[in-house]
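Heads up: the protein sequence lines correspond to chains R and D, in order.
Note that my numbering numbers the first sequence so that position 53 is 53, with each residue one more than the last.
Note that my numbering numbers the second sequence so that position 73 is 73, with each residue one more than the last.
Source of the hints: derived by calculation from the structure; they are not laboratory data.
Treat the hints with care, since some could be wrong.
[Said to hold, decoys possible] Heads up, simulated DSS-like pairs for lysine-lysine below, C-alpha to C-alpha not over 30 Å straight-line: (1) D/Lys100 with D/Lys23; (2) D/Lys332 with D/Lys128; (3) R/Lys35 with D/Lys360; (4) D/Lys229 with D/Lys85; (5) D/Lys385 with D/Lys211; (6) D/Lys34 with R/Lys35; (7) D/Lys385 with D/Lys399; (8) D/Lys34 with D/Lys385; (9) D/Lys211 with D/Lys199; (10) D/Lys85 with D/Lys324; (11) D/Lys324 with R/Lys35; (12) R/Lys35 with D/Lys332.
[Unchecked claim] A few chain D residues that face chain R, going by a derived Cβ cut-off under 10 Å, partial list only: (13) Thr35; (14) Gly153; (15) Ile262; (16) Asn268.
Source: prediction; values computed, not measured.
Glycine included, C-beta positions come from ideal geometry on N, C-alpha and C.
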Amino acid sequence: MRVNEELCGVCSGCACVCPRGAISVSERFVVVDHKLCNNCGVCASVCPVGAITVGDE
Amino acid sequence: MKYDLVIVGAGPGGTSTAISALKAGGSVIILDRKTNVGVPVQCGEAVGKTGPSLAEIDVPKRAILNPIRGFKIFSPNLTPVVYAKSEAEGYIVDRRIFDKELFARACELGADAMVGANVVDLIYEDGKVSGVVARYFGEKVEVRGEVVVGADGVNSTVARISGLRKFIKPRDLDTSAQFEMVGVNIEDASLMEFYLGRKVAPRGYVWVFPKGENRANVGIGIGAGMGEKTAYAYLMDFIKNNPRGKEVCRGAKPIEFRVGAIPLGGPNAKNVADGLMLVGDAAGQVHPITGGGIGYAMVCGSIAGRVAVECIEGGDVSERALSKYESLWREKYGHEFSQMLALRSLLEETEDDVLDDLAKILTGENVVELTAGKKIGVVLRAAAKGNVKLLRMLNELRKLQLIQ
Ligand SMILES: Cc1cc2nc3c(=O)[nH]c(=O)nc-3n(C[C@H](O)[C@H](O)[C@H](O)COP(=O)(O)OP(=O)(O)OC[C@H]3O[C@@H](n4cnc5c(N)ncnc54)[C@H](O)[C@@H]3O)c2cc1C
Ligand code: SF4
Ligand code: SF4
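Using the sequences plus the hints, can you model the full thing?
In structure tokens, the structure reads:
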């Protein structure tokens, strides 16, 4: 999955729901551990601004 | 140096824990990953109307923007249910000032503070939590204490690492977007407005919380993954197309935009472990319907601080000893939370036309009672008369012991 940093407002919603703990949040941005992420897409359904894309597009 | 309490998070939960622990004679350090506590604001900024009353929480005076004496709830077809008292029962506050004042208060009472300290791990000794590891201005530091308190909010690192809450099911999360606006056309600035309906806000609501005569927080929370579009898109739809929303927001200018996540699936099964306690959003102490959590975080935090110091003085910070906190806070709010979870499920199933019919017969007092888990009067069932769908809904309420 990828986060569009221009849209992301760091609400941390995606990190809360990620079943694999792949997303960590700092004061200003989110960081995805691509080794842990399996592109399940759960995080994308949660994002209030549609900043997350899953897959290869 | 080793502290009695190491508190992670300087929100209302963490600072309330600190203040009560300090008053009980404990030593405290508060760590927050923010360098500017309270910013950005991720909150509707309403206190006093959900859960603990104004009398139970010590609201910093400087943070009060606007007294609130009630609310108007609009059903999907915009039937209003109004509740208005003569006196203020709540406030819209400035959360930046609110959180910062509580933080300052804790530090004035003797708490040490580390801002910009991002807690990334827990330290375990003999199976008991005995401190935290934080990234702090490019360095890794360890801070030790008798009890670690996770008051680190919805995305709690402490809850995740301790295993008390590994992740939140999307269904148990509300996702939110909010504008602060000026030039809002507010009828009565002492009333909050709520808008319900599947098309308006699936499993959630739109709010207009007045901060003054023509300034307001206009926001939305929806069940995560429950809508056809993003929370932001629903909010824009309300502002541009809702018959009432577009009047309220006509010509209004956004001066701030925020996003947020609210854990409203109810409290975690367990919020204590050996040497560890969870408080506030980290513990899931949030009203499952309104999403209000400031008051609960403050009251539960106060209990946690007191119990922690008691346990440290007694030389026993095991899960068993600390569970006194769990029983005390559940005694206060456990029943309310479980009833509101059930009511939330019922509302999720309820169709818009039933909500419209319900709005015609409910009074504002009824809504206040319902959302506090109290039984409402029997007259309602008479009022529902031949309306089968509505009677079915009222029957469900009776099963939840929310109606006589
Ligand atoms: C959009 C929105 C609107 C809301 N509206 C209302 C409302 O109108 N009224 C109401 O009562 N409630 C409202 N709530 C809920 C309310 O904001 C929370 O319940 C409340 O802030 C919980 O307080 P807390 O102290 O538990 O957590 P928070 O206030 O979230 O504080 C947690 C703190 O921990 C820090 N932290 C997090 N992780 C770490 C880490 N790893 N290391 C160090 N520090 C960390 C954060 O920086 C933060 O300062 C709303 C929530 C949202 C998202
Ligand atoms: S796609 Fe799934 S695994 Fe990857 S970050 Fe999102 S929720 Fe986690
Ligand atoms: S859910 Fe969206 S806005 Fe929130 S932190 Fe994740 S990417 Fe950013």
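Hint check:
Restraint check: the Cα-Cα separation between D/Lys100 and D/Lys23 comes to about 19 Å, which is no more than 30 Å; the hinted pair holds. This hinted pair checks out: D/Lys332 and D/Lys128 have alpha carbons roughly 28 Å apart, not beyond 30 Å. Only pairs whose Cα atoms come within 30 Å are accepted, and R/Lys35 paired with D/Lys360 is rejected, the gap being roughly 54 Å. For the hint linking D/Lys229 to D/Lys85, the alpha-carbon distance of about 37 Å lies beyond 30 Å, and the restraint is violated.
Only pairs whose Cα atoms come within 30 Å are accepted, and D/Lys385 paired with D/Lys211 is rejected, the gap being roughly 40 Å. With a C-alpha separation of about 27 Å, the suggested pair D/Lys34 and R/Lys35 falls inside the 30 Å cut-off, and the hint holds. Between the alpha carbons of D/Lys385 and D/Lys399 the distance comes to roughly 19 Å, so the proposed pair stays at or under 30 Å and holds. For the hint pairing D/Lys34 with D/Lys385, the CA-to-CA distance comes to about 55 Å; that exceeds 30 Å, so the pair is violated.
Only pairs whose Cα atoms come within 30 Å are accepted, and D/Lys211 paired with D/Lys199 is accepted, the gap being roughly 26 Å. The suggested pairing of D/Lys85 with D/Lys324 is violated, with an alpha-carbon distance near 37 Å, which exceeds 30 Å. Note on D/Lys324 and R/Lys35: the hinted pairing is violated, with a Cα-Cα distance of about 41 Å set against a maximum of 30 Å. Simply put, R/Lys35 and D/Lys332 have alpha-carbon atoms about 43 Å apart, too far for the 30 Å limit, and the pair is violated.
The beta carbon of D/Thr35 is positioned within 10 Å of a beta carbon in chain R (closest approach about 7 Å), and the interface hint is therefore held. Interface hint at D/Gly153: satisfied, since its Cβ lies 8 Å from the closest Cβ of chain R, which is below the 10 Å cut-off. For D/Ile262, the suggested interface contact is upheld, since its CB lies about 9 Å from the closest CB of chain R, less than 10 Å. Restraint check, D/Asn268 versus chain R: the minimum CB separation of about 13 Å is more than 10 Å; hint violated.
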